[in-house]
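Let's have the full structure, built from the sequences with the hints guiding it.
Protein chains: 2
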Amino acid sequence: MAVTSRERVRRAAVKLFATKGFHGTGIRDLAQAAKLSSASLYHYMGTKEDLLAGIMRDSLGRLLADATAAVSDVADPCERMRRLVTLHVTTHARQPNETRVVDNHIDVLSGRARQEVIALRDAYEKLWSDTIEAGLHTGVFDTAQPAVTRIAVLEMCNAVARWYSPRGALSLPELATHHVELALRVLGVREQVRCGLANS
Amino acid sequence: MAVTSRERVRRAAVKLFATKGFHGTGIRDLAQAAKLSSASLYHYMGTKEDLLAGIMRDSLGRLLADATAAVSDVADPCERMRRLVTLHVTTHARQPNETRVVDNHIDVLSGRARQEVIALRDAYEKLWSDTIEAGLHTGVFDTAQPAVTRIAVLEMCNAVARWYSPRGALSLPELATHHVELALRVLGVREQVRCGLANS
Chain G
1 MAVTSRERVR RAAVKLFATK GFHGTGIRDL AQAAKLSSAS LYHYMGTKED LLAGIMRDSL
61 GRLLADATAA VSDVADPCER MRRLVTLHVT THARQPNETR VVDNHIDVLS GRARQEVIAL
121 RDAYEKLWSD TIEAGLHTGV FDTAQPAVTR IAVLEMCNAV ARWYSPRGAL SLPELATHHV
181 ELALRVLGVR EQVRCGLANS
Chain F
1 MAVTSRERVR RAAVKLFATK GFHGTGIRDL AQAAKLSSAS LYHYMGTKED LLAGIMRDSL
61 GRLLADATAA VSDVADPCER MRRLVTLHVT THARQPNETR VVDNHIDVLS GRARQEVIAL
121 RDAYEKLWSD TIEAGLHTGV FDTAQPAVTR IAVLEMCNAV ARWYSPRGAL SLPELATHHV
181 ELALRVLGVR EQVRCGLANS
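Chains as they are written, first to last, in this note's numbering: chain G, 1 to 200; chain F, 1 to 200.
Among the hints, a few may not be true.
On the chain G side, residues computed to face chain F include the following (Cβ under 10 Å) [to be verified]: (1) Arg8; (2) Leu154; (3) Glu155.
In silico BS3-like pairs for lysine-lysine, Cα to Cα no more than 25 Å straight-line [to be verified]: (4) Lys48/G - Lys35/G; (5) Lys48/G - Lys15/F; (6) Lys35/F - Lys48/F; (7) Lys15/G - Lys35/F; (8) Lys20/F - Lys48/G; (9) Lys48/G - Lys20/G; (10) Lys15/F - Lys20/G; (11) Lys35/G - Lys15/G; (12) Lys20/F - Lys15/G; (13) Lys20/G - Lys126/F; (14) Lys20/F - Lys35/F; (15) Lys15/F - Lys35/F; (16) Lys20/G - Lys35/G; (17) Lys15/F - Lys48/F; (18) Lys20/F - Lys48/F; (19) Lys15/G - Lys48/G; (20) Lys48/F - Lys20/G.
Please keep in mind that the hints were generated in silico from the structure rather than gathered at the bench. Cβ atoms here follow ideal geometry from the backbone N, Cα and C, with glycine treated the same way.
What follows is the structure in structure tokens.
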């Protein structure tokens with residue numbers, strides 16, 4: 001019962017934070033959407049900031065764990081990038097509200113919660129920057145601004161959370177494949193060595 | 001005097017909408033920030049939605065006019081793209097709050113204001129899609145998904161509003177040049193024909 005209420009609050013919060021923003025969402029909105037009193041809500045979740053911090057920590061923690069597992073046994077930078085982009089694009093397309101909350105609300109957090117979330121985000125981005133560094137080292141990637149290029153690739157992939165619809169023309173695998181192709185282009189990979197991918 | 005108050009309200013609204021979100025910003029916050037009473041605020045600007053619509057209309061209208069002027073006498077798709085990316089990146093880096101408001105609040109608007117803003121955005125995006133179509137037609141661009149690729153390029157350029165600092169390592173012209181290079185890569189332009197740009 002406690003678990004169910006907690007999960008119901010989480011889901012309501014993700015939806016409300018994503019559509020009305022953190023500041024635009026009141027405790028009463030949350031309680032109403034989760035069918036709880038404000039007192040019960042506080043009992044299950046603590047403050048509104050605690051609730052946001054929990055959502056961000058879980059979501060980023062899951063993404064980091066999945067990404068770490070996806071590249072753990074892979075040395076080839078192209079293949080690592082292919083796996084990172086596929087996971088990132090698929091996650092963002094499947095969970096648009098959750099990623100919108102996670103991607104846009106770090107400045108709302110403070111103190112230890114903020115430090116924890118930033119540490120998770122930094123660890124996740126380090127997987128990307130290590131992969132880019134590895135590709136530059138072997139000469140398969142080519143960019144004079146690795147950090148700016150990493151942001152460009154990530155933002156390009158983040159965008160799918162804002163527009164992708166499962167009812168649209170592209171399937172999730174097609175969407176992921178297309179973004180892998182774009183990411184490798186951004187990273188300066190020549191067509192002949194694009195990990196055996198067909199050219200888009 | 002009226003013009004000054006109007007401008008003061010505009011500036012306060014851009015800052016508050018960008019940091020607290022539209023729903024998180026109260027009429028009182030706006031009045032206080034602009035040093036007006038709520039009644040005067042309403043007199044100058046109408047409702048909160050009118051104020052947001054005005055900001056979005058002006059900002060997108062200016063961007064559309066500047067972009068139209070920038071490419072009006074240019075046929076070469078690479079050079080058109082270079083100018084569009086340069087203007088977009090420079091505008092986003094210079095006015096991070098304004099572009100954050102414009103890029104994230106279309107769903108808040110309704111009725112005629114919404115139609116007007118969507119028409120401006122569509123006209124602006126049409127400059128980009130026409131340029132991409134032209135490049136595909138002449139064979140200098142290469143992508144199987146022109147619409148998805150257009151979004152990827154725009155989002156990559158939008159990102160600078162979230163991270164660029166004039167006190168950082170890159171100057172505005174360097175930032176723009178780097179994004180032109182990335183955009184042409186995304187569009188599949190081969191290095192030899194990259195509008196005479198040096199490789200990054």
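Pair hint Lys48/G and Lys15/F, alpha-carbon separation not exceeding 25 Å: The given pair, whose Cα atoms are some 23 Å apart, holds under the 25 Å limit.
Holds or violated: Lys35/G to Lys15/G, with C-alpha atoms at most 25 Å apart: holds (14 Å)
Pairwise hint evaluation, Lys126/F against Lys20/G, where the allowed Cα distance is 25 Å at most: At roughly 29 Å apart (the allowed maximum being 25 Å), Lys126/F and Lys20/G break the hint.
25 Å limit on alpha-carbon distance, applied to hinted pair Lys48/G and Lys35/G: Distance ~16 Å between Lys48/G and Lys35/G Cα, so the pair holds.
Pair hint outcome, Lys20/F versus Lys15/G [Cα-Cα no greater than 25 Å]: holds (17 Å)
Satisfaction of hint between Lys48/F and Lys15/F, Cα-Cα up to 25 Å: holds (14 Å)
Pair hint Lys48/G and Lys20/G, alpha-carbon separation not exceeding 25 Å: holds (14 Å)
When the least beta-carbon distance from Leu154/G to chain F is tested against 10 Å, hint result: Holds: closest Cβ of chain F sits about 8 Å from Leu154/G, inside 10 Å.
Pair hint outcome, Lys20/F versus Lys35/F [Cα-Cα no greater than 25 Å]: Status holds; Cα separation ~18 Å.
Distance restraint between Lys15/F and Lys20/G, which requires alpha-carbon spacing of 25 Å or less: Roughly 18 Å separates the two Cα atoms, so the pair holds.
Distance restraint between Lys15/G and Lys35/F, which requires alpha-carbon spacing of 25 Å or less: Given that 25 Å is the threshold and the Cα spacing comes to 35 Å, the pair is violated.
Holds or violated: Lys15/F to Lys35/F, with C-alpha atoms at most 25 Å apart: holds (14 Å)
Hint violations for this structure: numbers 1, 7 and 13, all remaining hints satisfied.
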